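Student: Letter by letter, the chains look like this.
4 protein chains.
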Amino acid sequence: MSIHEECGVFGVFSSAQTNVSDLVYYGLYALQHRGQEACGIVVNDDGLFYSHKDIGLVGEVFGGSKLRDFPKGNMAVGHVRYGTTGGSSRKNCQPIEVNHQKGKMAIAHNGNLSNAYELRNKLELTGAIFHTTSDTETIAYIITKERLNAPSIEEAVSRSMNILCGAYSLVVMSPAKMIACRDPYGFRPLCYGKISDGTYVIASESCALSAVGAEFIRDLLPGEILVFSKSGIESRKEHCSTKTKKTCIFEYIYFARPDSKIDGVSVHKARKKAGHILAECHPVDADVVIGVPDSGLDAALGFSEKSGIPYGIGLIKNKYIGRTFISPGQETRVDQVKIKLSAVEETVSGKRVVLVDDSIVRGTTSGRIVKLLRDAGAKEIHMRISAPPFLHPCYYGTDIDSEEHLIACKYTIPEITEMIGADSLGYLPKEKLGDLIESTDYCSACFDGEYPTPVMTNIPKNKFEQKISEAK
Amino acid sequence: MSIHEECGVFGVFSSAQTNVSDLVYYGLYALQHRGQEACGIVVNDDGLFYSHKDIGLVGEVFGGSKLRDFPKGNMAVGHVRYGTTGGSSRKNCQPIEVNHQKGKMAIAHNGNLSNAYELRNKLELTGAIFHTTSDTETIAYIITKERLNAPSIEEAVSRSMNILCGAYSLVVMSPAKMIACRDPYGFRPLCYGKISDGTYVIASESCALSAVGAEFIRDLLPGEILVFSKSGIESRKEHCSTKTKKTCIFEYIYFARPDSKIDGVSVHKARKKAGHILAECHPVDADVVIGVPDSGLDAALGFSEKSGIPYGIGLIKNKYIGRTFISPGQETRVDQVKIKLSAVEETVSGKRVVLVDDSIVRGTTSGRIVKLLRDAGAKEIHMRISAPPFLHPCYYGTDIDSEEHLIACKYTIPEITEMIGADSLGYLPKEKLGDLIESTDYCSACFDGEYPTPVMTNIPKNKFEQKISEAK
Amino acid sequence: MSIHEECGVFGVFSSAQTNVSDLVYYGLYALQHRGQEACGIVVNDDGLFYSHKDIGLVGEVFGGSKLRDFPKGNMAVGHVRYGTTGGSSRKNCQPIEVNHQKGKMAIAHNGNLSNAYELRNKLELTGAIFHTTSDTETIAYIITKERLNAPSIEEAVSRSMNILCGAYSLVVMSPAKMIACRDPYGFRPLCYGKISDGTYVIASESCALSAVGAEFIRDLLPGEILVFSKSGIESRKEHCSTKTKKTCIFEYIYFARPDSKIDGVSVHKARKKAGHILAECHPVDADVVIGVPDSGLDAALGFSEKSGIPYGIGLIKNKYIGRTFISPGQETRVDQVKIKLSAVEETVSGKRVVLVDDSIVRGTTSGRIVKLLRDAGAKEIHMRISAPPFLHPCYYGTDIDSEEHLIACKYTIPEITEMIGADSLGYLPKEKLGDLIESTDYCSACFDGEYPTPVMTNIPKNKFEQKISEAK
Amino acid sequence: MSIHEECGVFGVFSSAQTNVSDLVYYGLYALQHRGQEACGIVVNDDGLFYSHKDIGLVGEVFGGSKLRDFPKGNMAVGHVRYGTTGGSSRKNCQPIEVNHQKGKMAIAHNGNLSNAYELRNKLELTGAIFHTTSDTETIAYIITKERLNAPSIEEAVSRSMNILCGAYSLVVMSPAKMIACRDPYGFRPLCYGKISDGTYVIASESCALSAVGAEFIRDLLPGEILVFSKSGIESRKEHCSTKTKKTCIFEYIYFARPDSKIDGVSVHKARKKAGHILAECHPVDADVVIGVPDSGLDAALGFSEKSGIPYGIGLIKNKYIGRTFISPGQETRVDQVKIKLSAVEETVSGKRVVLVDDSIVRGTTSGRIVKLLRDAGAKEIHMRISAPPFLHPCYYGTDIDSEEHLIACKYTIPEITEMIGADSLGYLPKEKLGDLIESTDYCSACFDGEYPTPVMTNIPKNKFEQKISEAK
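Protein chains in written order, with this note's numbering: chain A, 206 to 677; chain B, 206 to 677; chain C, 206 to 677; chain D, 206 to 677.
Because the hints were derived from the structure by calculation, they are not lab data. It should be emphasised that the depicted structure is a prediction, and the values quoted were computed from it without experimental measurement. Do not rely on the hints blindly, as some may be mistaken.
For chains that are exact copies, the list does not tell them apart, and a pair is met inside one copy or across any two.
[Unchecked claim] With a Cα cut of at most 27 Å, we get these calculated BS3-like pairs of lysine-lysine: (1) LYS511 <-> LYS584; (2) LYS296 <-> LYS584; (3) LYS399 <-> LYS524; (4) LYS307 <-> LYS277; (5) LYS543 <-> LYS524; (6) LYS543 <-> LYS271; (7) LYS307 <-> LYS615; (8) LYS442 <-> LYS399; (9) LYS271 <-> LYS522; (10) LYS448 <-> LYS327; (11) LYS399 <-> LYS584; (12) LYS448 <-> LYS584; (13) LYS637 <-> LYS511; (14) LYS543 <-> LYS399; (15) LYS296 <-> LYS543; (16) LYS524 <-> LYS271; (17) LYS543 <-> LYS277; (18) LYS522 <-> LYS511; (19) LYS522 <-> LYS399.
Could you build all of it, start to finish, from the sequences and the hints given here?
Tutor: Printed below as a string of structure tokens:
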């Protein structure tokens, strides 16, 4: 319940002037689960860029008349972002806009570079200044530098891909072109579709294509560059197949929406499959299977299907608790989990319950959910997790944390079982991850530490924030 | 998807000064589903009242420092309200506060009077002036008038109950007492519980007791008055058993939260039972049963249980679409239902689908959901509704509308089936409603027109707003 | 610098539908000095009332799209209010709206009743309930009660004038009529003018007529009722000449804008005259005369004219310090007066300065201004006050406070001179007040205690707020 | 009334931790007249920077709890900015913050570079990217580039001064030092003072020193660099006296506050002197001299002193009309000038009036003021302008516009006199400008076109915004 994807991107290219901002707005609504901290839209009206970005959900940032203030245009790009909270992070909002005599540019980015530290150091030593602490500004610099001598913006993007390392699904908008690109490992998803002849959309997930009524065409290949312009769509594949595909397996398990398909595989199906595997590997005699809403429901249904134990609705999520929830202070000792989740006594009272969730990070929330169910009368609680234990930080665009905060790095499974108060606990075996998507081409570094690229493990993940305070 | 409960109430009484406003805040969060338009809290600090009320969700209205601005106190009362939108309705926010030499009073009300028009006319002819168009102000007047000659506030409430007719679950706070009362028909729920010795809470639904960690004691009896004061809790039953209990059956079908129990019956269980009945009365040969989230899920599970057809997750609700959703305008033809709901292709493609929802009001939304599923590849769609058709307006605190807007008043079931594009359609039989709660003591006037009290069917429901424009 | 008028009123009547809300908006801007705490507008569109009221300046409350949300109409009434701060006072915003079967009504009021306490007590004993703590609600009740048996709204207003006692300049809007009335003493100003044939405006001060381009017609007579309707303008004079005119003299000295005329007398001229009198009664050998901006400037110019001592610009007021000024806390010891006022060294350094202000309330501010000038090098500072010393509270619509807070009630003039650090101090002699307006018909109760009506001196001015906390 | 200064800067250095943000807040309030569009504060707490910047007045941006959210610190820098309106300009807010491994830096800038275009082009060709369209970002780049090889931040600033050309008064904050510098021409003012031993403040104008209770020490010399650090204050003068001082004469005439002194000359005195000169050069037989508030008042008083014609208060400015004034739309034809200014009939009716203002830009406002006075009964209106006619755009930090918008570029003085409806019109003679400050070292390029530095007159002033739209 506390792991976050860091971004979602969305782009529209139309051969005619239209309400491109409305389309991006709808698209971002459908991608909101990928980032709830901030969002932004940049509209391109015949070469002039109009932007609005702020801290807040899509509905908050573009409420009032903000959306109507945009002109029509033939291109637009949007972004939703998860990040640290606080007013000052407003400058980290995306898309990033660059003013440069070789051409204005707006960039929306999902992912994290694994060589950002090194690249930024080099750039700073040439006199570059940075306004933000995000990798995206580094990408903007690299593309701009390459642009100085490149015959076209897409060539500059292509050359930059020789320099950038790590996870990056990008949408880059120039005055006349829209360029989508996915890094050679394909860490993060990126796909495109068609609304009508001449009107195309690019999105982090296919659910956002459906939201705007677009027909899904296909996922970008790892390493592919797609160029949308008045001359049509051009695909550049010079970076394709230079690496083995390493799509983040946790996109399937948790980040993506169940109605999305990534690289041909239904997210909902992958999650149900995880439930099947759990039922096989960690069977248990029980009366009901329930899921932790929302992301544990699909796997719970899968567990029920395979085990034959009836599926139940055992936990209700308060749908009004959003970013706006203010805890009124320490003095009133009301369990926060009780505000967000409540047990359905009818379902669990006197029952042996299988409880399915997608992950255990620190264990605190799991412990509280177990207690909630016991208070509602559950006789036994058997926890099943639709992922292996987290053991390593992620360097490719999620906030899976350093070892010291991960419960599985410090305790054995029996210890964790006791800590959370469950009667039994079973994780998805690491070796079975491939079964979820019927492929072995995925990144599972957070579970096994096998990072596809070199990573600077001795540098904290919030490296740039830290550096600033050190330099005096 | 478009019927609304009109209110939820919450009260706290504590023998010691404490953060009563925090408790009400948590309680209102749990009751938010009963009213999303406005909310308010009044805190009683040793006889001084402090209030904050505004248009907006609980998290919006009490965000920032509003909650911390309240002093501690030993009593507080809160309210969530559904109503017509617009800035001017701020004056209709509750709790209503009355300044009077016989004692200040704050009132929170759930329900609607059926003799409000008549009472208000009489009051106006004695010179009374009204600031709002809500029945609650009429209740405040009646109690105040009775208070002039009554020895106590609870006696004034009791005498008022001889005058008030219709649905009213009230929490009334005086400088020294908290009074809860439920009308003799018990149209709306009201229950109370205990946090610790001397600290009691009153709430529209039991889910709000759980949210603040209170132990459920019991529902109020229809006609009961409960008085919380320094001398303890006193129950007055002189209005009990004067009428047959007529609790709103639609509370079970749709309004209440599934984790609540009302008068001893689990809402979740009642909904699953509705699914069972549908499976028996309208059986169909199909591959999967899905529910329209959130309120159709329980009945869908019940249908699956009874029919043996597998339960599936076929529709995903965008949890970020709230009150903040702004439609950007007519020009961009994006189906609004597509933004709120999306189909899981994996679940429905190529399948014969049983689709369970709680009601059909105008039919538009149902038609769009059916289309969504067809677009996702569903082969057949059999719609099952966990309630009988709406045929009559409600005068007891919900916004079930007048006949001209109800599809079932104008079309036959085969016509509706065709209009929404389903392959078959089955409603819950009216005669089976009692099975949901194993009792015959309920109000089902919206289905059968049998109003427990006299109602003025010739007066439009928004009577006071109208009257204003007529009088020139 | 800390005495406040409590209100300003504005009304428009037009025989044709027009943007009446815009006119009221401009009018309230011009009357903003009469009340900065809250404001409101009610538009009458063919009998339907649309209102918006809130805490804040006119520009804040009607910023955004609030003004455009009003429909056109043929009448509108507006109000600016000074009052105690805080969110809860939102309910005290005016105009007050009354829904009643005898006809809807909106009331804007400037003044204070001197028999409000008595009237409210009587009303409460008949069962009336009050939502606010303002006298205006009492007026609304009285008019409504009279309306029950009166043949017309204007007759109800006229009958109410037999009951209401004290200061009240009212604008009352019914579905079809606009009624202006001024109490028989004429405590507060009220005038009307004409924009074009059929379009009339009523305002607290003539400056607001100019602001909307209206031609001044005349002040209302004390006791006069003016009725604007489709049949034209009718003047009812049955309450005229029943009392001696007692217009508040402090309107001329401080409250009103210098470009207004009240009852034929220019406010600017009255203030200059005060300066002349001060120069005659408290002459001094000095180098420069300066005024405390803004309200001391006219009298300073008068002093200079009469004395022959040059007029100078010696104090600059920071025009950006408004309601929004937030003092950052106690720790930083920055003199607040220094933020609001600064001395022009060039003007005062090495000079003997005559400093003219309109009043001394508690003395603190005056002392700080004297220090500011000394720090800027002034050699001598001779303070002259364009009013007599405050010795008594006001019961007619201003916040001149009770004796214990008025410096002149506790100290002699030599003591005050020393306390504020001036070299000499001279007040306007009480006997000369009539010279300002060349009439003896004024109220100067705050200076001499001669209240034109009975007042309940034993009841605190914030009587209703207090009562509430006592009644338990 | 429509010429704007573009910025004000303020800095605090303290040897001990203190509420530096409060001091900057007060200082910015006193400098608000130099920029009303946006503002910002950056606090340095032992090397960590905390910032808040936004569109709005100081009181708006730092209202609520924003100010209290800052930690204590030993340095802080602030900025007020005038600029084009609109949400997107939020990114142009200052102080600019730079994250760089050679050390973090915050920069506040008043002025405009005359070689910005050239510098930015060069930088872009090395791959630099720009987020804003302001010169300040160019300055940040130049200093950062120099910093790479410089032994200290102050040395980097000094080397940058060889590259930067035009107007720049800067406050630069590094983790350990505060650096103030004024360009070698001294176009814009900059001074410093002392609050107590070890606590120093830097400000655009001396009025801001008074506001925080600081003792004025002196103005910075043109070309001077002042370094505040734990080792004390160091003055570097290597750029001093390399150019002739060219302080903007319009600072005295209009921009600065009358209570400020710039380079030893009182602004109030300079303005009164302008009045004296006007009385000598353009004498007229009249009854009263009035000024257009606020900036015309000092010169009007000077005119009165020299001519012997009495000074009067003839125009009142509505002090509530701020940034918040919303014009409700075109349909209601209310003269906007009437909302902002009103005539005092008592002063002008039947009189021959000398009307003193500081400038005529397009002539529209002047025409309306003349009409306002005629409507109030003025018999003759003789306009006197305390500056020469604007004939050339300003490239040094104000928004004096290009020739096509300046009335004096297109019409003769008799023509202008007729256009605005005055009886006579007299400007301050260009040759007399030096008399205002008793020096010939000033810039009067907007009057005479003699730019002290090369300027690119063929490049529009909003060059960077334009460039963006051209590059496709």
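Student: State the violated hints by number, sorted upward, taking the hints as numbered earlier in the document.
Tutor: Going through the list in order, the structure violates hints 2, 7, 12 and 15 and respects the others.
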